[in-house]
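Top to bottom, those sequences are chains V and D.
Just so we're aligned, residue 8 is where the first sequence starts under the working numbering, counting upward by one.
Just so we're aligned, residue -19 is where the second sequence starts under the working numbering, counting upward by one.
Any given hint could turn out to be false.
No more than 20 angstroms apart at the CA atoms, straight line, and that leaves these computed lysine to any residue pairs for SDA-like [to be verified]:
| # | chain 1 | residue 1 | chain 2 | residue 2 |
| --- | --- | --- | --- | --- |
| 1 | V | K84 | D | M32 |
| 2 | V | K297 | V | R252 |
| 3 | V | K279 | D | H85 |
| 4 | V | K279 | V | H293 |
| 5 | D | K107 | V | P16 |
| 6 | D | K107 | V | G62 |
| 7 | V | K374 | V | R272 |
Derived from the structure by calculation, the hints contain no laboratory data.
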Amino acid sequence: MRALTYEGPYRVAVRNKPEPRIEHPQDGIVRVTSAAICGSDLHLLHGLVPDTRIGFTFGHEFTGIVEEVGPNAQGIKPGDRVMLPFQIFCGGCYYCTRGLSACCENTNPATDAGTGIYGYSHTMGGYDGGQAEYVRVPFIGVDAEKIPEDVDDLDALPITDAFSTGYQGAEMCDLRGGETVLVLGAGPVGLFAMWSAWAMGAGRVIAVDLENYRLQFARDWLGVETINFKEHDLVTIVKGMTEGRGADATIEAVGCEASGSPVHRALGVYAKLEAGSPQAINFAIHATRKGGVISLIGAYGPPFNGVDIGTFMNKAQTMRTGQASVKRYMPHLLEHVRAGRIKPSTVFTHRCSLEDAPRAYHTFAQKKDGCVKVALFPNGNLH
Amino acid sequence: MNREPEVTTPETILRRSGYQSMEPVRRPSYWGVDLDPARRPGVPGHREPRPMANTRFPPEPQRGMPAAPMHGRTNKTMPPVFGTAVPLRGLSGAIRKYAYSMPDHDPSHWLLKLLGDRVDSWEYHAKKYLPLGLAVAGLGFILSSRASESRGLGRRKPRSLPVTRWGGEARRREWSRREWAPSH
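Excised from the complex, chain V in its bound form (with noise of 0.2 angstroms):
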């Protein structure tokens, strides 16, 4: 089958790999349909996600139809259309049972710090992933969510990650109606989390990026105030829009590649001293409240990093943070989908074969050409 396979740092290729099987009796195999590629991809594309290797097929936001299922795989069927969260487990430890499938404890041996995930490196359980034709899929009959009928695939894809991701975002502020959210990074987790925040009744939302094409993406879409940080001091700013106080909840949808600070760039970005660039969650220590909630959902790595966590502390604020639990939001979620209140799909400027992920790989890490988000088809049929 042809697959995206990691090539070393900056460079990913297409490549037939071997078709993958059945390996444990709840296995399922799925033929991808779409994937998207998420801007945590491009984390393993810099090589700043410890144990990423040479051969290793990406794609974490894909669906599919359900080619085969292994002899105890319960609930779904070859020829269901499904979704799968990005994560990886099984449905029935300490953890599944309470909800929290994104800290399951039978999916990964090489870290505590997270669950198997589908192509995010060997540090997350080494599980290919759905940048490819085939991809397999450990405890389908418990993981996958079938799509409703009226639903798109490309409308169901973000809700595998970048949507379930965004909406956990800002449900960890904890709003209550008439807050400001201050939402760091107007990539597609960013988009999802300003969508959320009205959804559960923000006051106002201010949009933070140095794109000013994805600042303009978010106003248009969502109706959002915006701040390009490249042009002004932000936390100067943003301050001076609350009154001097700082944002009520600020929602960190950046990760380890945050710019805005060249000394955090050069240790962790391209020395690799620390794990990646801290800057976006010290801009959000200091741009929100004190008492306030910093909702911290932007990938980063182990095993440390130069964040500010004396102002953190004297300010009094709260930090939460978590990969989404993405199944429980999935029913929700579609619910708004087909409810009409969104249309998640809208995120996917660029639409492109396999054979293309290369260089949508390149434009989508060096932000060119507009791009918010990028959808692959692995089996041809470009929507």
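Model the placement of chain D on the given structure of chain V, informed by the hints.
Chain D in isolation, oriented as in the chain V frame:
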């Protein structure tokens, strides 16, 4: 006492804001659809334990070799399901295996894994480009030696000695090791 928080209106925002946004705040039609926390799937964060639909627990142990070894905390047990994407191999594999012998709360675990990544990349590119590089270097050597022979440069004649400014030919210095040996 009314403990309900005040719901800010767009007018309040514009009145209180030190910074006037370019346009008045426009709330979308879906504003507040999940204002009630009971509508939010992640609230409360922890719920009464209940297996998910279609769960068979405990899961059967997977056979075969995991691509990612178990990290080195001594009381960690092998999970029943694991990935098998790219097995450990070469020098990078040895480094990674050593990294995995340490627990994941030890920073050395992560730094060695990052080192393993760089070595993996060097190994791959060396393997990919070394045969081509050696072939080009070998071909270059053969061509240059043939070109030298065809121009009669195979055996070099001694160059004529330079003329000194006094008109005479500079005397080729002939010295033996004995001249430079320390005298006893």
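> For the pair supplied as a hint, K374 (chain V) and R272 (chain V), is the alpha-carbon distance within the 20 angstroms limit?
Replying inline: 18 angstroms, holds
>> Run the distance test for K279 (chain V) versus H85 (chain D): straight-line Cα separation, threshold 20 angstroms.
In response: OK: K279 (chain V) and H85 (chain D) at ~18 angstroms, within 20 angstroms.
> Is the hinted pair K84 (chain V) and M32 (chain D) satisfied, with a Cα-Cα distance of at most 20 angstroms?
Replying inline: 18 angstroms, holds
> Holds or violated: K279 (chain V) with H293 (chain V), Cα cutoff 20 angstroms?
Replying inline: 25 angstroms, violated
>> Check whether the Cα positions of K107 (chain D) and P16 (chain V) lie no farther apart than 20 angstroms.
In response: 16 angstroms, holds
>> Check the hint pairing K297 (chain V) with R252 (chain V) against an upper bound of 20 angstroms on the C-alpha distance.
In response: Answer holds: K297 (chain V) to R252 (chain V) is near 7 angstroms, not above 20 angstroms.
> Are the Cα positions of K107 (chain D) and G62 (chain V) separated by 20 angstroms at most?
Replying inline: 14 angstroms, holds
Checked against the numbered hints given earlier, this structure breaks only hint 4.
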